[in-house]
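All chains, full assembly: derive it from the sequences and hints.
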Amino acid sequence: MTKLRNFLPLCAGLLLIPRPAHAMHISEGILPPGWAIFWFVMAAPFVAWGVRQITQRKQADPSYIPLIGIFGAAVFVFSCFPIPVPVAGSTAHPAGTGMAAIFLGPFASVVVAFISLLLQALFLAHGGLTTLGGNTFSMGVMGSFSGYGAFRLGRLLRLNLFWSAFLAGVTADLVTYFGTSLEMSLALHGTQPFLSVLAQIFLAFMPTQIPLSILEGAVTGGMIVYVQKHRPDILRKLKVLGEVAK
Amino acid sequence: MRRSLVALSMLLSLFTAAVATGQEEEKPKWPGVDETVVGKYAEELGRPARDPYINTDQGDLLLFLFALAGAAGGFVMGYYWHKVFVAGKREPETKDRE
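Chains as they are written, first to last, in the working numbering: chain A, 1 to 246; chain B, 1 to 98.
It should be emphasised that the hints constitute simulated quantities derived from the structure, not laboratory data. Only a predicted model underlies this, so the values are computations on that prediction, with no experimental measurement involved. Among the clues, some could well be false.
Here are the in silico distance ranges between beta carbons for each label pair [unchecked claim]: (1) Y53(B) with Q200(A): 25 to 31 Å; (2) Y53(B) with I115(A): 14 to 20 Å; (3) V86(B) with L129(A): 52 to 58 Å; (4) T191(A) with F75(B): 46 to 52 Å; (5) G59(B) with V87(A): 28 to 34 Å; (6) L195(A) with K40(B): 16 to 22 Å; (7) G89(A) with A72(B): 26 to 32 Å.
PhoX-like, lysine-lysine: derived pairs with alpha carbons at most 25 Å apart [stated by the list, open to error]: (8) K237(A) with K58(A); (9) K89(B) with K239(A); (10) K229(A) with K239(A); (11) K58(A) with K229(A); (12) K89(B) with K229(A); (13) K58(A) with K239(A); (14) K83(B) with K239(A); (15) K83(B) with K237(A).
Virtual Cβ for every residue (Gly too), placed ideally from N, Cα, C.
Dropping the structure here:
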């Protein structure tokens with residue numbers, strides 16, 4: 001546990017290396033207008049439902065607000081600070097949406113991802129305004145729901161908290177990049193076979209993303225173990241650990 | 001198993017951090033996957049990226065904004081972390097005593 005406590009600030013410290021991000025967000029202008037609008041339409045209901053859920057949950061339980069603060073900021077920081085991967089010779093970043101989905105719920109995690117991506121597109125030349133819908137769908141919707149699903153599956157398979165959260169982190173990260181590949185290949189495959197373009201783009205991400213997804217899994221697992229040790233009541237409220245204590 | 005995983009992650013973190021700081025001195029630019037994958041395929045498939053509508057990639061402005069974003073994000077995270085894990089942890093104990 002002491003090692004885990006030391007490990008978390010170390011990972012957080014990594015995020016403070018100030019370098020412009022070069023990562024998975026689809027840059028401005030890459031998606032043709034039709035596809036850009038399509039992904040906005042696909043992402044909008046999730047964002048709207050997420051806003052509704054956040055409003056309801058914070059009214060029912062004010063202690064939900066600080067959790068949004070922690071995990072909202074975590075998603076923003078995770079998704080814009082690149083981490084170099086020596087084996088691939090390039091940089092990329094984790095998504096953070098798997099962790100946010102466990103603690104905030106998948107719909108709220110979509111909202112958090114949308115706001116992070118909007119700020120990055122506006123101020124950090126990262127992603128783009130026209131591709132905001134596409135990026136929200138891949139990182140927010142696909143990342144959050146796959147991560148949350150993987151966590152619940154892990155619990156169903158009776159994996160302990162660490163490994164369930166590890167699975168969530170890895171899945172959210174890889175599925176996010178699959179989403180990016182899917183959006184690009186759908187929009188740009190032209191006369192080439194769609195599946196071949198999809199496979200090419202997705203496989204090109206893998207040398208960088210596999211090590212990063214393992215790191216993201218370890219951070220997500222470490223975080224849930226930390227919360228279990230220091231504030232188990234939060235996990236009970238989220239129904240991750242048995243019933244709510246009375 | 002968990003211990004070895006934590007140790008492995010710590011080593012990986014240290015290694016990547018060391019490479020990140022060292023790399024800046026020797027080779028200022030380390031390509032990101034937006035260039036090596038997203039940009040490359042977008043260009044190959046005939047739809048290269050255009051400049052952002054609000055282009056903050058001007059000199060050191062972008063670096064400054066990233067530092068600012070990191071500081072703001074870190075502050076928000078730290079503030080709420082304290083609220084949940086330090087002040088929040090004491091709260092239930094106080095209520096129990098009452």
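Outcome of the hint check:
Between Y53(B) and Q200(A) the CB atoms are about 29 Å apart, so this pair conforms to the stated range of 25 to 31 Å. Our hint of 14 to 20 Å for Y53(B) and I115(A) holds, since their Cβ atoms are close to 18 Å apart. Taken as a hint, the range 52 to 58 Å is violated for the pair V86(B) and L129(A), whose Cβ atoms sit roughly 38 Å apart. A C-beta distance of roughly 50 Å is found between T191(A) and F75(B), which places it inside the suggested range of 46 to 52 Å.
Separated by about 32 Å at the C-beta atoms, G59(B) and V87(A) satisfy the suggested range of 28 to 34 Å. Checked against the hint of 16 to 22 Å, the pair L195(A) and K40(B) passes, with Cβ atoms roughly 19 Å apart. For the hinted restraint 26 to 32 Å between G89(A) and A72(B), the CB-CB distance of approximately 31 Å keeps it satisfied. The suggested pairing of K237(A) with K58(A) holds, with an alpha-carbon distance near 13 Å, which does not exceed 25 Å.
Restraint check for K89(B) and K239(A): the C-alpha separation of about 19 Å stays at or below 25 Å, so the hint holds. Distance check on the hinted pair: K229(A) and K239(A) sit about 16 Å apart at the alpha-carbon level, within 25 Å; holds. Distance hint between K58(A) and K229(A) is fulfilled; the C-alpha atoms sit about 24 Å from each other, no more than 25 Å. Restraint check for K89(B) and K229(A): satisfied, since their Cα atoms lie roughly 11 Å apart, inside the 25 Å limit.
Taken as a hint, the K58(A) and K239(A) pair is honoured in the structure, with Cα atoms around 17 Å apart against an allowance of 25 Å. For the suggested pair K83(B) and K239(A), the alpha carbons sit about 21 Å apart, so the restraint of at most 25 Å is met. Between K83(B) and K237(A), the direct Cα distance comes to roughly 17 Å. Compliance with the 25 Å bound is thereby established for this hinted pair.
The structure fails hint 3 only (numbered hints given earlier).
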